[in-house]
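J.: Chain by chain, the residues run as shown.
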Amino acid sequence: MKSTILIYIFLLQLFACAGVALVPASAETIMSEVQRTKGTHAVLLNVWATSCAPCVAEFPAIVELGENNSKLHVLFVSTDFPEYEKRVKQFLQQNGVAGKSFIKSQKDQAFINGLHPDWSGALPFTILFAKNSGDVVDYWEGEQPEIRFKTAIERAINL
Amino acid sequence: MKKKSILTLILIFSSLFSKELELGSMLPMGDHRLLDIGGKYLSLNEARDENGLLVIFSCNTCPWVIRWEDRYVTLTEQFASKGVGVIAVNSNESNFNSVDNLEEMRKHAKENSYNFPYVQDFGSRLAREFGATRTPHIFLFNDENTLVYRGAIDDNARDARKVEEPYLANAIEAMLSGKPIAVASTKALGCGIKFK
Numbered sequence: 001m002k003s004t005i006l007i008y009i010f011l012l013q014l015f016a017c018a019g020v021a022l023v024p025a026s027a028e029t030i031m032s033e034v035q036r037t038k039g040t041h042a043v044l045l046n047v048w049a050t051s052c053a054p055c056v057a058e059f060p061a062i063v064e065l066g067e068n069n070s071k072l073h074v075l076f077v078s079t080d081f082p083e084y085e086k087r088v089k090q091f092l093q094q095n096g097v098a099g100k101s102f103i104k105s106q107k108d109q110a111f112i113n114g115l116h117p118d119w120s121g122a123l124p125f126t127i128l129f130a131k132n133s134g135d136v137v138d139y140w141e142g143e144q145p146e147i148r149f150k151t152a153i154e155r156a157i158n159l
Numbered sequence: 001m002k003k004k005s006i007l008t009l010i011l012i013f014s015s016l017f018s019k020e021l022e023l024g025s026m027l028p029m030g031d032h033r034l035l036d037i038g039g040k041y042l043s044l045n046e047a048r049d050e051n052g053l054l055v056i057f058s059c060n061t062c063p064w065v066i067r068w069e070d071r072y073v074t075l076t077e078q079f080a081s082k083g084v085g086v087i088a089v090n091s092n093e094s095n096f097n098s099v100d101n102l103e104e105m106r107k108h109a110k111e112n113s114y115n116f117p118y119v120q121d122f123g124s125r126l127a128r129e130f131g132a133t134r135t136p137h138i139f140l141f142n143d144e145n146t147l148v149y150r151g152a153i154d155d156n157a158r159d160a161r162k163v164e165e166p167y168l169a170n171a172i173e174a175m176l177s178g179k180p181i182a183v184a185s186t187k188a189l190g191c192g193i194k195f196k
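If you read the sequences in order, they're chains A and B.
Residue numbering for the first sequence follows this note's numbering, starting at 1 and increasing by one per position.
Residue numbering for the second sequence follows this note's numbering, starting at 1 and increasing by one per position.
Hints are computed from structural coordinates only; laboratory data are not their basis.
Careful, some of the hints might be misleading.
Partner residues are not named here, just some residues of chain A that face chain B (Cβ under 7 Å, in silico) [unchecked claim]:
1. C52
2. T79
3. Y84
4. E85
5. S105
6. Q106
7. K107
8. A110
9. S120
10. G121
11. L123
12. G142
Yeah, the Cβ is synthetic: ideal placement off N, Cα and C, and Gly gets one too.
Using the sequences and the accompanying hints, generate a full structural model.
T.: Listed below in C-alpha cells is the structure:
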C-alpha cells in the first residue's frame with residue numbers, strides 16, 4: 001500500500017511539470033521566437049526569476065492579461081540559475097503557464113544587450129512587440145501599474 | 001484624454017529615475033552622510049582612499065548579491081592595501097522596515113565577513129544620483145574622483161571559479177597602473193533597487 005502511494009506521488013510529481021516546456025535559450029533564440037508570431041500576435045516578453053519578489057508578485061496578472069487577449073502572446077524568460085529548473089517549472093505550472101517558456105543559457109552581458117540595449121539588467125524587465133511590424137512598442141524595468149501594461153498591449157495589438 | 005494624461009504621468013515618473021552615471025563624471029554627493037552598520041555616519045569622501053573608491057550598490061537578500069558578495073570581500077582584501085577605498089550601499093528604501101533594516105544589514109555583514117563599510121541610503125538618494133538600478137551595481141572612481149568603470153563585477157555570478165572576464169579586478173589593476181581600462185562599462189543581471 002505504502003509503495004503504491006509513493007509510486008502515485010512520484011508519477012504525480014512527474015506529470016505536474018509535463019505541460020511546461022522550459023527551453024534553455026540565448027537572446028537570439030528568444031528574439032526569433034518573438035518574431036515568429038509577427039502578423040498574428042503582439043508579444044509581451046517578461047524576464048523574471050523565482051527569487052525576484054516583484055517578478056513573482058506581478059506574474060499572475062501578466063498570465064491573466066495573456067489569457068484575456070487572443071491577439072497577445074505572452075512569453076516568459078526565467079533568469080534563474082540552471083540548478084533551479086525544477087523550481088521554475090513548478091512555479092510556471094502553478095501559475096497556469098503551459099507551453100514554451102525560456103530559461104537563460106547565455107552570459108549576462110550578451111543576454112541583456114541581445115534583448116534590449118537600453119536594459120540595465122535589473123529585474124523584472126518587460127518588452128511589448130507590435131503585432132504587425134514586430135517592432136518594440138514599449139519596455140520597462142521594474143514594476144509598473146497595470147495601466148502601463150494595458151496601454152502598451154493595446155498599442156502593440158494595433159501596430 | 002484621460003489615457004493621455006496617465007501616460008504622460010508615467011513617462012514623467014520614469015524620467016525621475018536618472019540614467020546611469022556617465023564615465024568621466026565626478027563623484028556625486030561626496031559629502032552626503034550615510035548611516036553605517038556600526039552606528040556612525042560616513043560619507044563617500046571619507047570612505048575613499050588615496051587611489052580611488054569602489055562603490056557597490058547592494059542589499060541583504062538578492063540572489064545575485066548572495067553569489068557575488070564573496071568577491072566584494074576578496075577584491076577588498078586585494079586592493080584596500082593598494083589605496084582603493086570600498087563601500088557597500090543599501091538603497092532598498094522600501095525594505096528598510098524589513099529585510100534591509102540596519103540590524104539585518106549588521107547580521108548580513110558579519111555572516112559574510114564584510115571588510116568594508118555597509119551603509120543605508122535613506123530616500124535612495126545616492127542610487128538616484130548614480131543612476132544605480134540593481135544589486136549589485138558597481139561604480140569605480142579614480143584618485144581624482146572621476147568615474148572610470150561601471151557595471152558588473154565579472155561575467156559569472158554563479159561560480160567564482162568559472163569567471164572568464166574579471167571586469168572589475170581588471171579595471172582596478174589598470175587604474176592603479178595608470179593604463180587605460182579596456183572594458184569600462186559592462187552589464188549584469190540583478191535585483192531591481194527597491195525605491196519607495
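J.: Would you mind marking each hint as holding or not holding in the structure?
T.: Structure-based check of each hint:
no. : hint : verdict
1   : C52  : holds, 6 Å
2   : T79  : holds, 5 Å
3   : Y84  : violated, 9 Å
4   : E85  : violated, 13 Å
5   : S105 : violated, 12 Å
6   : Q106 : violated, 11 Å
7   : K107 : holds, 5 Å
8   : A110 : violated, 9 Å
9   : S120 : holds, 4 Å
10  : G121 : holds, 5 Å
11  : L123 : holds, 6 Å
12  : G142 : holds, 4 Å
Hints 3, 4, 5, 6, 8 from the list above are not met by this structure, while the remaining hints are.
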